[in-house]
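If you're matching them up, the sequences are chains H and W in order. Going by this note's numbering, the first sequence opens with residue 262, and the numbers climb by one from there. Going by this note's numbering, the second sequence opens with residue 421, and the numbers climb by one from there.
No lab work stands behind these hints, which were simulated from the structure alone. Be a bit skeptical, because a hint or two may be false.
As the list claims (entries may be wrong) - Simulated restraints, written as ranges between beta carbons of each label pair:
{"id": "1", "chain 1": "W", "residue 1": "Gly536", "chain 2": "H", "residue 2": "Gly370", "range": "47 to 57 Å"}
{"id": "2", "chain 1": "H", "residue 1": "Val291", "chain 2": "W", "residue 2": "Pro517", "range": "54 to 64 Å"}
{"id": "3", "chain 1": "H", "residue 1": "Gln369", "chain 2": "W", "residue 2": "Gly505", "range": "22 to 32 Å"}
{"id": "4", "chain 1": "W", "residue 1": "Ile695", "chain 2": "H", "residue 2": "Ala290", "range": "51 to 61 Å"}
{"id": "5", "chain 1": "H", "residue 1": "Cys336", "chain 2": "W", "residue 2": "Asn713", "range": "47 to 57 Å"}
{"id": "6", "chain 1": "W", "residue 1": "Pro517", "chain 2": "H", "residue 2": "Leu366", "range": "25 to 35 Å"}
{"id": "7", "chain 1": "H", "residue 1": "Gly370", "chain 2": "W", "residue 2": "Leu743", "range": "36 to 46 Å"}
{"id": "8", "chain 1": "H", "residue 1": "Val291", "chain 2": "W", "residue 2": "Val895", "range": "51 to 61 Å"}
{"id": "9", "chain 1": "H", "residue 1": "Val294", "chain 2": "W", "residue 2": "Asp745", "range": "48 to 58 Å"}
{"id": "10", "chain 1": "W", "residue 1": "Leu573", "chain 2": "H", "residue 2": "His368", "range": "25 to 35 Å"}
{"id": "11", "chain 1": "H", "residue 1": "Leu366", "chain 2": "W", "residue 2": "Asp657", "range": "16 to 26 Å"}
As the list claims (entries may be wrong) - Stretch-level coverage of chain W by chain H, calculated; a stretch enters the list once three of its residues show a Cβ under 8 Å from a Cβ in chain H:
{"id": "12", "segment": "630 to 643"}
{"id": "13", "segment": "749 to 757"}
{"id": "14", "segment": "887 to 899"}
As the list claims (entries may be wrong) - Residues from chain H that face chain W, not an exhaustive set, calculated with beta carbons under 7 Å:
{"id": "15", "residue": "Ser305"}
{"id": "16", "residue": "Thr308"}
{"id": "17", "residue": "Ala326"}
This structure is a prediction, so every number in the text was calculated from the model and none was measured. Ideal Cβ positions, reconstructed from N, Cα and C, are used throughout, including at glycine.
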Amino acid sequence: MLSPISDAGPTAERAPTATLHWRVRAAVAVRTVAAIGGGYLLASLATRALAITLPMAAVDAVVTATLTGLVVYPCAVMWCFAARTVPRACLGLVAACALPTLVILAHQGAAVAR
Amino acid sequence: MMGGLRLSMAWLHTWSGLLVGWILFMVFAGGTASYFRDEITLWMKPELHRALPHPVTQPVAADRAQALLEQRAAGSPRWFFSMPGERNPALQAGWIPAPSKSAGDAPKKRTRRSFGSATIDPATGVDLGKVRATQGGDFFFRLHFDLHYMSALWGRWIVGFCSMCMLVAILSGIVTHKRIFKDFFTFRPGKGQRSWLDAHNVTAVLALPYHLMITYTGLVTLMFMYLPSGVQGVYQDRTAAFYKALNGGPGDVKPAGVPATLMPLGALVRQASGIWHGAAVGRVVVNLPGDANATVTLTQQEGHGISHDLPTITFNGVTGALLSDPADTSGGAVQTRGVLYGLHVGRFADPLVRALFFLSGLAGCAMVATGVVMWAVKERPKHARMLGPGRTGFSLRLVDALNLGSIAGLLVAMPVFFWANRLLPVATQQRPEAEILWFFTAWGSAALAAFVMPNRPMWKCQLALGGILFALLPVLNAATGGAGLVTSLGQGIWPVAGFDLVSLALGLLLLYAAAKLRSGGTVNQPAVKEMPLAGGAV
Chain H
262 MLSPISDAGP TAERAPTATL HWRVRAAVAV RTVAAIGGGY LLASLATRAL AITLPMAAVD
322 AVVTATLTGL VVYPCAVMWC FAARTVPRAC LGLVAACALP TLVILAHQGA AVAR
Chain W
421 MMGGLRLSMA WLHTWSGLLV GWILFMVFAG GTASYFRDEI TLWMKPELHR ALPHPVTQPV
481 AADRAQALLE QRAAGSPRWF FSMPGERNPA LQAGWIPAPS KSAGDAPKKR TRRSFGSATI
541 DPATGVDLGK VRATQGGDFF FRLHFDLHYM SALWGRWIVG FCSMCMLVAI LSGIVTHKRI
601 FKDFFTFRPG KGQRSWLDAH NVTAVLALPY HLMITYTGLV TLMFMYLPSG VQGVYQDRTA
661 AFYKALNGGP GDVKPAGVPA TLMPLGALVR QASGIWHGAA VGRVVVNLPG DANATVTLTQ
721 QEGHGISHDL PTITFNGVTG ALLSDPADTS GGAVQTRGVL YGLHVGRFAD PLVRALFFLS
781 GLAGCAMVAT GVVMWAVKER PKHARMLGPG RTGFSLRLVD ALNLGSIAGL LVAMPVFFWA
841 NRLLPVATQQ RPEAEILWFF TAWGSAALAA FVMPNRPMWK CQLALGGILF ALLPVLNAAT
901 GGAGLVTSLG QGIWPVAGFD LVSLALGLLL LYAAAKLRSG GTVNQPAVKE MPLAGGAV
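All chains should be built: construct the whole structure from the sequences, respecting the hints.
Okay, structure coming up:
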């Protein structure tokens, strides 16, 4: 299964391996969607969670959070392709999203309670 | 996935780099050219080459601008002008036209064209007048993040997506790379795919800190648009308050409706310089000139620090009272962003640092170009094995054509833009757009030719064409009213001389690359390594 796609172009024209390539392509497609969409979601959540919790002036917190979010995104993308299996990649992403989501919800809960 | 971290990152590096490489090459080339945005603009206005004004002190220049603006832009709600400097010897003034009496018309969208503007000789206050209309260096600057022929918003999202892919490509490239230091000194020319890999490694590793910096800071310049969740989370719908806190400065003022005489701007310029311990003024904005509530905001000239957030001072325009606190400083994160932003635009740089940034930018162009070409070089033997010698499948043919059209094609289109600037009649209607049309016509034609014939002779042909067009720019300059090399070097008109010399060097480099490309050759042998190293632009 080494570098499946770079071989897929010419070899795809040979019928016997077509099913394998279909599965590899589907896996790559899922990873890509997870990386672009899921990575952006994670970066957005992390940025928001940091922005509302960092103990500094509001404007500084927003700037720090957004600067960090720009680094979170490419790391999430790399994770999606580095994880050994597709379910692992997706689960990792979901787990990473859970923390900032909890922070945001807790923050909102505290705001309502006040 | 796929057999270990290194291999999966190699895969990610290949694809995140290749799929956006064609746009990224233009972004890198346009951005690299933008380091000399002012010089390019000056070169494209040959009327100004010889009429270069004698330097005068800043207060004198400000008073001259004020005199001309009071005459030409009375009743205007806002004037703005940039002080002459080493890189732009004339004073550029602009104003919002006075509101027309026929109010009640549907409010028209304000476009760039609706501003008044004048180029002023700071020594005499005379309008330098018949300067040809051109976008100048601003065209490449805008192109590299707004694209063209589409809304700027779409352009920015597309460029942002490509930049994020670039950041992923750089980071995964570092992971997949075994021997960063050793590759620094490795170059094996004439060895096919191995040479391409070496060239890619050398250009990437040599300027790696620069590539990382420029890609990340590029995203930083527009980060609140790309990643607005932080702003929304804290400020909800009060985004205006956020930007005010970010950028500082007093808010908008309302007109009093009572006429009052504006203070001499020269005195305010002198006072601001004094507060800044002698640092020069870069930009002056006058709000509500002639009204009792007039304000004057002065921004420090670039070059006294890296940050993009330059110190500003606001005065009351009638009494001269200080309205802002110069000691007021922003928080650490805001300052950090200012520095990152400033690093990207590089306006702080002195000529030497600017030249190094320019060379690093060229290395970036070469990195992208060698990267996408290497994909095709690696792929070619597989196609030959599968489909027979010399045959290529659709995917490879597509990549070949896109490589040729986006790299060599752009290197033809860029000089064509400069040729159009000089050869179109000065009185042409909508001249700036006409120049841009020539740029895209040339690029489109080159790309079309690339799709018809994506092969070595076409590379040779387009590189040679780009080389000739670049190399002859100094001749064109001298022949069409600009200060030729003899004049510019003799009289020390460095921005113009620099443009001519860099164009000549780039032209010769491209011609050398075209000559080194073996026109026949087996298809499996890649083109010569020097070619992509020339992949830059003025």
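### Task
With respect to the beta-carbon atoms only, verify the hint that Gly370 of chain H and Leu743 of chain W lie 36 to 46 Å apart.
For Leu743 of chain W against Gly370 of chain H, whose Cβ atoms are near 43 Å apart, the range 36 to 46 Å holds.
### Task
Note whether the CB distance of Val294 of chain H and Asp745 of chain W lies within 48 to 58 Å or breaks it.
Distance hint for Val294 of chain H, Asp745 of chain W holds at roughly 51 Å.
### Query
In this structure, is the beta-carbon distance linking Cys336 of chain H and Asn713 of chain W contained in 47 to 57 Å?
For Asn713 of chain W against Cys336 of chain H, whose Cβ atoms are near 50 Å apart, the range 47 to 57 Å holds.
### Message
Please check whether Ser305 of chain H passes as an interface residue: C-beta within 7 Å of a C-beta belonging to chain W.
### Response
4 Å, holds
### Query
Quick one: are Gln369 of chain H and Gly505 of chain W within 22 to 32 Å, going by C-beta?
Given a distance of about 51 Å, which is not inside 22 to 32 Å, the answer is violated.
### Task
Check the following: the C-beta atoms of Val291 of chain H and Val895 of chain W are separated by a distance inside 51 to 61 Å.
57 Å Cβ-Cβ, so the 51 to 61 Å window holds.
### Query
If you check the beta carbons of Leu366 of chain H and Asp657 of chain W, does the distance land in 16 to 26 Å?
21 Å, holds
### Task
Would you settle whether the hint for Ala326 of chain H is holds or violated, based on the nearest Cβ-Cβ distance to chain W being less than 7 Å?
Hint holds; Ala326 of chain H Cβ to chain W Cβ min 4 Å, cut 7 Å.
### Task
Kindly confirm whether 51 to 61 Å is satisfied by the beta carbon distance between Ile695 of chain W and Ala290 of chain H.
60 Å, holds
### Query
Between Pro517 of chain W and Leu366 of chain H, is the Cβ distance one that fits in 25 to 35 Å?
Once the Cβ atoms are compared, 52 Å apart, the range 25 to 35 Å for Leu366 of chain H and Pro517 of chain W is violated.
### Query
the segment 630 to 643 of chain W covered by chain H? Criterion: 3 or more residues, Cβ-Cβ distance below 8 Å.
holds (count 4)
### Message
Quick check: does the Cβ-Cβ distance between Val291 of chain H and Pro517 of chain W fall within 54 to 64 Å?
### Response
56 Å, holds
Comparing the model with each earlier hint shows violations of hints 3, 6, 14; every other hint is respected.
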